[in-house]
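Enquirer: Chains A and B supply the protein sequences, listed in that same order.
The numbers in the first sequence follow the numbering used here, run straight up by one, and end at 421.
The numbers in the second sequence follow the numbering used here, run straight up by one, and end at 421.
A couple of the hints might just be wrong.
The list cannot tell twin chains apart, which means a pair is met if one copy fits it or any two copies do.
EDC-like mimics (lysine to aspartate or glutamate), calculated; alpha carbons at most 16 Å apart, straight line [as the list claims (entries may be wrong)]:
1. K410 / D159
2. K365 / E398
3. K351 / D241
4. K402 / E363
I should point out that these hints are in silico values taken from the structure, not numbers from a laboratory.
From a predicted model like this one, the values you see are computed outputs, not experimental measurements.
There are 2 protein chains.
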Amino acid sequence: MDWSNRFSDIVRERLEDSAIAVMMNIAAREGALLLAAGEPLEDLCPSKRLKKAFERAHEQESHTWGYSHSRTGVLLLRRWIFERMKSDGILPGWVSPDNIFITNGSQEGLSLLTESLFDPGDTVMVESPSYPDAFGVFRKEGLELAGVDLLPDGPDIGSMERLLSDRKVKAFYTIPSFQNPTGFSTSREKKIRILELARKYDFLVIEDEPYRDISFDAAPQGSFLAAAGDDDRVLYMGSFSKTISPGLRCGWIVAPEPLVEVLLKLRTAGTLCLPDIVQQAVYEFVSEGDFGEHLKHICEVYRKNRDAMVDFLRRLAGPEGLEINVPSGGFFIWGEIPWIKDIERFGLFAIKEEKVAFIPGTHFFPGKGMGRDSLRFSFARVTPEMAEEGAKRMRDALIKYRMIQEGENRE
Amino acid sequence: MDWSNRFSDIVRERLEDSAIAVMMNIAAREGALLLAAGEPLEDLCPSKRLKKAFERAHEQESHTWGYSHSRTGVLLLRRWIFERMKSDGILPGWVSPDNIFITNGSQEGLSLLTESLFDPGDTVMVESPSYPDAFGVFRKEGLELAGVDLLPDGPDIGSMERLLSDRKVKAFYTIPSFQNPTGFSTSREKKIRILELARKYDFLVIEDEPYRDISFDAAPQGSFLAAAGDDDRVLYMGSFSKTISPGLRCGWIVAPEPLVEVLLKLRTAGTLCLPDIVQQAVYEFVSEGDFGEHLKHICEVYRKNRDAMVDFLRRLAGPEGLEINVPSGGFFIWGEIPWIKDIERFGLFAIKEEKVAFIPGTHFFPGKGMGRDSLRFSFARVTPEMAEEGAKRMRDALIKYRMIQEGENRE
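Construct the entire structure; sequences and hints are all you get.
Expert: If you want it as structure tokens, here you go:
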């Protein structure tokens with residue numbers, strides 16, 4: 011049968027390949043050294059303790075193998091998340107464990123929120139640049155993306171106000187702490203200012219916080235969720251993907267009760283429920299008492315990785331024109347190479363010629379033609395030794411590519 | 011904030027409560043004896059062996075905690091499913107393990123297939139009656155449902171031909187073995203006849219087979235998938251929910267390669283991937299060598315449950331007008347009470363007055379006003395002792411309700 015014409019409009023018109031996944035596949039095929047993967051370092055995954063957590067989970071009387079009794083998620087885990095967010099001071103008064111909805115990672119969380127709230131043609135405001143796999147979710151639902159420039163202390167408020175006075179925006183999607191791809195964090199003042207605009211222009215805020223706990227020098231400044239107080243327009247997404255393991259597929263949404271009911275209906279229609287055993291095991295793991303120690307340990311390692319990558323990139327590739335920022339947490343270093351005219355072409359060149367891979371910055375912008383001299387590195391899986399080798403390869407790739415580009419300019 | 015007007019058109023116009031879940035909730039609240047739950051008997055879940063399977067899964071070198079390497083599912087499990095279906099004689103030649111796509115239960119499988127293949131306004135042909143949570147998936151995607159009468163040996167071919175000559179149908183959704191709710195199975199001859207119609211009228215077949223292995227007297231007759239041979243228009247869904255545990259959330263789709271690629275893109279956009287550890291544990295469990303013994307054991311228990319429920323219902327409630335069929339497998343007994351005019355009203359009456367619950371047949375029909383004297387029982391979680399007590403309560407409820415209905419008729 012010819013399958014090419016069999017697919018739905020959504021598949022044919024809205025579905026796009028993950029630009030990051032495509033780039034990573036090319037890099038893997040070429041055997042390149044990856045300075046790119048936004049995925050935790052395998053060695054930091056507490057495999058042995060996870061194995062024990064699963065063993066304990068199996069022993070719990072509350073654990074059964076039937077369909078989930080609580081399709082919003084295992085209650086013990088929801089309570090633990092509630093207490094932890096409360097003690098971190100990032101919850102407003104209206105939130106209880108019943109406002110927490112466990113998801114198959116934040117990707118499912120964002121999909122469910124998008125399906126709950128948006129119709130095709132609606133506009134979602136996003137940071138520019140931001141996370142392209144979130145753009146993919148929005149585009150699949152037929153949304154228009156409107157970008158707001160992102161500065162080191164958060165979105166550019168002037169640019170946001172111009173946008174809002176120009177068109178109706180249904181929600182603002184933001185990664186306020188150690189953002190992907192920039193590493194920038196939004197200040198408390200800007201959070202408050204944006205919430206004022208949210209009330210004035212009546213839009214929702216989707217606050218995506220996977221990197222919040224991966225903090226080195228400066229902790230994140232509060233949350234949109236708490237800053238909004240009784241105004242329940244902020245929908246918060248948390249995740250264990252960066253702090254424990256992405257393979258667990260365990261994240262959560264904090265949302266007001268009418269939205270939790272809708273999420274539950276969408277979950278039931280879409281997949282019925284998630285495997286309880288995984289959530290029970292995550293609870294066993296985090297409640298063991300030393301989750302704080304675990305976080306401290308992984309942050310130390312990631313900080314060393316960051317320091318090494320910053321140092322080597324500056325020393326070795328800086329003289330060739332690479333300019334980078336220094337993030338206070340998270341996984342990412344954002345850079346620019348002002349003399350580069352086509353970063354995607356240089357990205358493929360670096361993979362093929364010098365076996366080193368980063369993600370071209372263009373993929374992180376909601377509009378075409380932006381970020382053509384920018385790029386994202388990740389230090390999460392890059393040890394100091396790898397960073398030195400990677401930075402050397404970046405230097406060599408830049409030297410060779412500059413000669414090519416200059417040759418073309420002369421023609 | 012007033013949330014009532016915040017939701018998407020899909021939520022406001024297409025999302026419906028699961029009729030079965032609503033009924034089960036009322037029954038649970040009233041403390042009724044459930045002759046209704048289409049869920050495996052908890053005692054039959056091999057909890058200890060599952061615990062060991064998870065332990066072995068943790069030890070596998072192939073197991074990591076990162077994002078899934080194979081986002082279509084753990085390869086060992088896909089290979090095992092392939093070999094098993096092959097030895098059951100229900101695979102055509104074109105299928106390889108790469109055509110198997112692991113899902114978060116068949117509910118996710120059906121959601122992904124629906125999203126892949128249908129646009130709003132498309133028509134899906136369904137058995138009448140059939141599984142209402144499948145209707146929910148179709149309606150959420152904006153599809154029209156067209157019902158074909160179901161007979162004990164499968165869909166009524168005449169009714170199907172009339173429908174097909176009248177309107178364009180994109181796919182036929184069928185549960186060919188021990189169907190939910192009727193317990194009916196489609197004969198080999200009818201499968202072949204329907205595939206002829208599928209080629210003539212160019213529609214796809216979605217073959218949903220969760221009950222295939224729960225077989226007592228007569229094994230299912232082949233599969234649509236195998237009968238179609240090289241014609242790759244049949245999309246098969248299998249599940250471990252009834253044979254191991256629904257809480258594992260592990261099912262699969264068999265589909266041609268272009269569709270697997272689309273499913274993978276939808277999975278990536280929707281949730282990135284599923285937790286590998288669960289699939290690895292399912293593999294460890296089924297590959298241990300005695301999965302056949304496990305199936306034999308659970309089928310023996312379910313057969314005893316079926317025999318007891320059939321016997322008690324016939325003896326105790328038969329004289330009050332209940333007529334039931336005897337399924338050769340699966341979980342369900344379908345019945346009719348010809349003198350009943352409003353089965354939903356009687357269902358609530360039976361719960362409140364006699365503390366016994368079944369699912370009213372109306373919920374299983376794609377159109378309104380059908381099945382008003384029909385009902386579904388499930389014997390899966392009903393021991394012979396419970397069946398006797400339940401049948402007594404059914405008898406008492408029928409006697410009392412008949413007096414009420416007769417009283418109303420006289421008025």
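Enquirer: Which of the numbered hints above does this structure break?
Expert: The structure conflicts with hints 1, 3, although it agrees with all the remaining ones.
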